[in-house]
Amino acid sequence: MIRILLADDQRLVRAGIRSILDDEDDLEVVAEAADGQAAVRGCRELRPDVVLMDIRMPGMDGLEAARLIAEDSELSTVKVVMLTTFDLDDHVYGALRAGATGFLVKDTEPAELLHAVRVARRGDALISPSVTRRLIAEFAGREKAREPDARLDVLTGREREVMRLVAAGRTNDEIAARLVISPLTAKTHVSRIMAKLGARDRSQVVVMAYEYGMVSPGRPAGQTS
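Residues in the sequence shown are numbered from 3 upward in steps of one, following the numbering used here.
Don't read these hints as lab results, they were simulated from the structure.
One or more hints might be untrue.
Derived CB-CB ranges, DEER-like [unchecked claim]:
| # | residue 1 | residue 2 | range |
| --- | --- | --- | --- |
| 1 | E47 | T158 | 37 to 45 Å |
| 2 | E73 | A197 | 12 to 20 Å |
| 3 | G61 | P185 | 17 to 25 Å |
For every residue, glycine included, the Cβ atom is placed at its ideal position computed from N, Cα and C.
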């Protein structure tokens, strides 16, 4: 059973999302919150598996709440998915940097919402990878391109290949097919990359790929250098 906390200041939005989630046998909404402070408090009390968090809320917003959850070692298993709209694109990169697993556009189809919750829980892939990729490239591109960071030296050549594919939003199965390895081996490489770089999840690996200069904005992330 995947336990979910909904955080949105609009009651109707929460009710709509909850009605979709409650119809699924493997999903359970354990709490709702109307602001970031209540969301953080709910996480500490209930330890949900996934938090669906609106970015704009009164008082403490979703970005600050996501940061506090990510920094709390006791909440390391909690995955935060930000709820956003395209006019809030400026906040998405900050949300990923704050520790969010990914983001979801509010007008997404119900099937995509359900898929996103399940994917976030297992940490297997990014939410809406093609859109996430575009946004990360856009905002990372505001910084001047630089040579690959020395912190990447801890990675093997194969791990660098895998990291570029993770940055392209590829799943373990897709990485395995691209590199002609087994999905289990791909998963092992991703786990080792996260451990070596101290990344919380795959989304942070993507952010690091851009920030550390492994992937240049404007060039496909899956392309080797």
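**Q.** Hints not upheld, ascending by number
**A.** Violated: hint 3 alone.
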